[in-house]
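K.L.:
Take a look at the letters that make up each chain.
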Amino acid sequence: MTTTTLHDVRFIEPAKTRNYLNEDYGFFSWVLTRDHKRIAILYLISVTIMFMVGGFFAMMMRLELLTPEGDLLTSDTYNKFFTLHGIVMIFFFLIPSIPAVLGNFILPLQLGAKDLAFPRINLLSWYLYIIGASFGTYVIISGGVDTGWTFYTPFSTQYSNTHVFATTLGAFIVGFSSILTGLNFIVTTHRMRAPGLTWFRLPLNVWALYATSIVMLLATPVLGITLIMLMIERVLHVGIFDPALGGDPLLYQHMFWFYSHPAVYIMILPAMGVASDVIAAFTRKRIFGYKFVAFSSLAIAFLGFLVWAHHMFVAGISVYSAMIFAFLSFFVAVPSAIKVFNWTATMYRASVSWQTPMLYAMGFIGLFTIGGVTGLFLASLGLDVHVTDTYFVVAHFHYVMVGGAVMAYMAGLHYWWPKITGRMYPEWWARLAALLIFVGFNLTFFPQFILGYLGMPRRYHAYAPEFQVLNVLSTAGASVLAVGYALPLVYLLLSLKLGRPAGPNPWGAVGLEWTTSSPPPKENFHETPVVTWEAYDYRGMMKAMGETQNV
Amino acid sequence: MSDLAFEHGEEHPPHPFLQHHFEDLGQQHEASTLGMWAFLCTEILFFGGVLLAYWVYRIMYPAAWALGAEQQNTLAGGTNTLVLIVSSLTMALAVRSAQLNNRRGTVLMLILTLIFGTMFLGIKSYEYHAHWMEGLFPGAHWHWQPKDPAISALTPKVQLFMVFYWGLTGLHALHMVIGVGLLLYILARAWRGDFHAEYYAPVEVMGLYWHFVDIVWIFLFPFLYLIPHVGAHHVG
Chain W
30 MTTTTLHDVR FIEPAKTRNY LNEDYGFFSW VLTRDHKRIA ILYLISVTIM FMVGGFFAMM
90 MRLELLTPEG DLLTSDTYNK FFTLHGIVMI FFFLIPSIPA VLGNFILPLQ LGAKDLAFPR
150 INLLSWYLYI IGASFGTYVI ISGGVDTGWT FYTPFSTQYS NTHVFATTLG AFIVGFSSIL
210 TGLNFIVTTH RMRAPGLTWF RLPLNVWALY ATSIVMLLAT PVLGITLIML MIERVLHVGI
270 FDPALGGDPL LYQHMFWFYS HPAVYIMILP AMGVASDVIA AFTRKRIFGY KFVAFSSLAI
330 AFLGFLVWAH HMFVAGISVY SAMIFAFLSF FVAVPSAIKV FNWTATMYRA SVSWQTPMLY
390 AMGFIGLFTI GGVTGLFLAS LGLDVHVTDT YFVVAHFHYV MVGGAVMAYM AGLHYWWPKI
450 TGRMYPEWWA RLAALLIFVG FNLTFFPQFI LGYLGMPRRY HAYAPEFQVL NVLSTAGASV
510 LAVGYALPLV YLLLSLKLGR PAGPNPWGAV GLEWTTSSPP PKENFHETPV VTWEAYDYRG
570 MMKAMGETQN V
Chain C
8 MSDLAFEHGE EHPPHPFLQH HFEDLGQQHE ASTLGMWAFL CTEILFFGGV LLAYWVYRIM
68 YPAAWALGAE QQNTLAGGTN TLVLIVSSLT MALAVRSAQL NNRRGTVLML ILTLIFGTMF
128 LGIKSYEYHA HWMEGLFPGA HWHWQPKDPA ISALTPKVQL FMVFYWGLTG LHALHMVIGV
188 GLLLYILARA WRGDFHAEYY APVEVMGLYW HFVDIVWIFL FPFLYLIPHV GAHHVG
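Residue numbers (my numbering), protein chains in the order written: chain W, 30 to 580; chain C, 8 to 243.
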């Protein structure tokens, strides 16, 4: 068994090699595949469609908010649109995005494994996603749902006459898809690492996906059982969450946020993992404070379970418990800040190259920091009471989820695109799109911080005329953002035909995924790799390259 | 699963049940058992969520909860507890027999486990039937009233108790039905002689699941059947 060396740069024309894309042909070779790489592609297509659906609702809302009057959508329709925007984007795009697309493809490659531990369960998870998404689609076509993505009781159980049951059933089913993905990742990381690949030699992306998987495994079932209780209550009206019959609506909120706060970390932790890998690759350095960054992922996953009630400060929980939850929420800032400082320190005195993935990663750091710091504002009791249910909250979580998670998703998609497809994307267009997304994003959401602080409430289709200027800015930004997201859809698809062949390691990056051909063969590696280097061993790689040149 | 296995080694033919992406049976075995343990963690949180709600309302409405538990058939529930504990023993013996290459013992123990599991479901159906006839099913069909009219105000809360009764035991029974289905599959494979000392992971994973479902019942029985009265009846 030979050691796969880092500077082994074999240039292979993708179409002429045997790889996972041309191993089999035909519809059934895709929908019945057990290859993690093909399942990742299935997920990629599915979540992209859902992203466009969710984006459509966002655009319609922004158009409505161009003017203070409710002139484009009725208030009922607007209620349905913000609900569907939230449900589609959270359950059907953000949660599966990085783990199920990029993680699915990259994790086994980074571990030097032939596949995930349970390939059939991996395929099952995609089918569960599709069944859940079908319920979502059914709801959209048949008239929508208006509860908000949080399904708060007793409105969702007693009063709403929209499709609450089908929506919650869809969310319940898609939850199992993410549980199974998490389970697969945990077992694969424990049991399928290549010889020599110790825990502290793992890329930080693996640590982040591992922490994410723990949250998926332990939080999602609670949402599942909560939604079942909600469905029972809606059908039978027996008082589980109905105060008139002895039930407690606050209990619903507690149980919902016990999942849905950690769910934020399901979105942001893998984004942090992608950012770590990308920053290391484009600074050509080991991530500063590797172990701190690794353990901070686990710390965030753990702390995420202890802070849920900060979503309920005005819901009528006791002041003392609110104080404790505020205090615990501040703690999340510690591991998050450790990551941000360490990424920044990695860039210090490094030879940074500004390719598209790095641009997105830089955007991620900045926007996530703003999102995180405004999260601290919101964790403070007094300020939270002032800005609850205003656009300040909307701006905050979009900075974390779009500015953070989606930016990192785009970073990862561009970074691993050559590995996934074997071809390069067009760098100029990609940089332009990254710039548009960054500018468009800030123009959309920064005004919303001000709007919220000034007191504009969220979830209304009409607003006071003095808020119009900032709303026009926000809508203009959303249009730029839409162009920014449309561009990659075009140039990435075109690159499948026109992109120049990437070769196994176009970035000169360290990591097992770059030691195999692009696209990888069905079994990932031509022979089982043996790892003899540390994570992000760019120093060793440069040294090896220098020696080769001297020969 | 074995179509690619031949690619593996030239030295010795790989085991027919070794999936192509594992290096050896040991790795495959460890992955399977860890996978089941991880799944059981999910299950704990799944049951944990509804048990939390149960406890919140039990603390809020102790009298109604005690009255609800009084409506249960403790003999049937107790018998079922015993049946499940014995079935866990036979399940453990099935795993042990597989480890010891004892095919007949494995098959016998799996059949016994299957019988006990089915017996549990039978007794449970009998209880469900009785509840249904007494009008103890929440919703439109509910027509149960306490015998003492002085405490009839407790009725909606007793109904809430019965929601948790049906929900928890129903969820548990669903797990039992799935367990019986899996047992049939494992039994068929054991009958065929698939398992031996090097390869018995499916039996062990089946056992982990079965014991978990058993342990859930060990909690459900006292939670739903054995609630003591706290003081006198009072309208909660």
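For the record, the hints were derived by calculation from the structure and aren't laboratory data. A virtual CB, placed ideally from N, CA and C, is assigned to each residue, including glycine. It is possible that part of the hints are untrue.
From the structure, some residues in chain C lie toward chain W, with a derived Cβ separation under 8 Å [claimed, not checked]:
1) Gly129
2) Tyr133
3) Tyr135
4) Gly174
Ranges of calculated distance between the beta carbons of each label pair, as one might list FRET restraints [unchecked claim]:
5) W:Pro272 to C:Ile92: 38 to 48 Å
6) C:Asn108 to W:Met81: 36 to 46 Å
7) W:Phe370 to C:Gln106: 48 to 58 Å
8) W:Phe229 to C:Leu107: 38 to 48 Å
K.L.:
Work down the list of hints and note, for each, if the structure agrees.
P.N.:
Quick rundown of the hints versus the structure:
{"no.": "1", "hint": "Gly129", "verdict": "25 Å, violated"}
{"no.": "2", "hint": "Tyr133", "verdict": "23 Å, violated"}
{"no.": "3", "hint": "Tyr135", "verdict": "16 Å, violated"}
{"no.": "4", "hint": "Gly174", "verdict": "7 Å, holds"}
{"no.": "5", "hint": "W:Pro272 to C:Ile92: 38 to 48 Å", "verdict": "40 Å, holds"}
{"no.": "6", "hint": "C:Asn108 to W:Met81: 36 to 46 Å", "verdict": "57 Å, violated"}
{"no.": "7", "hint": "W:Phe370 to C:Gln106: 48 to 58 Å", "verdict": "52 Å, holds"}
{"no.": "8", "hint": "W:Phe229 to C:Leu107: 38 to 48 Å", "verdict": "40 Å, holds"}
Hint check: violations occur at hints 1, 2, 3, 6; the rest are consistent with the structure.
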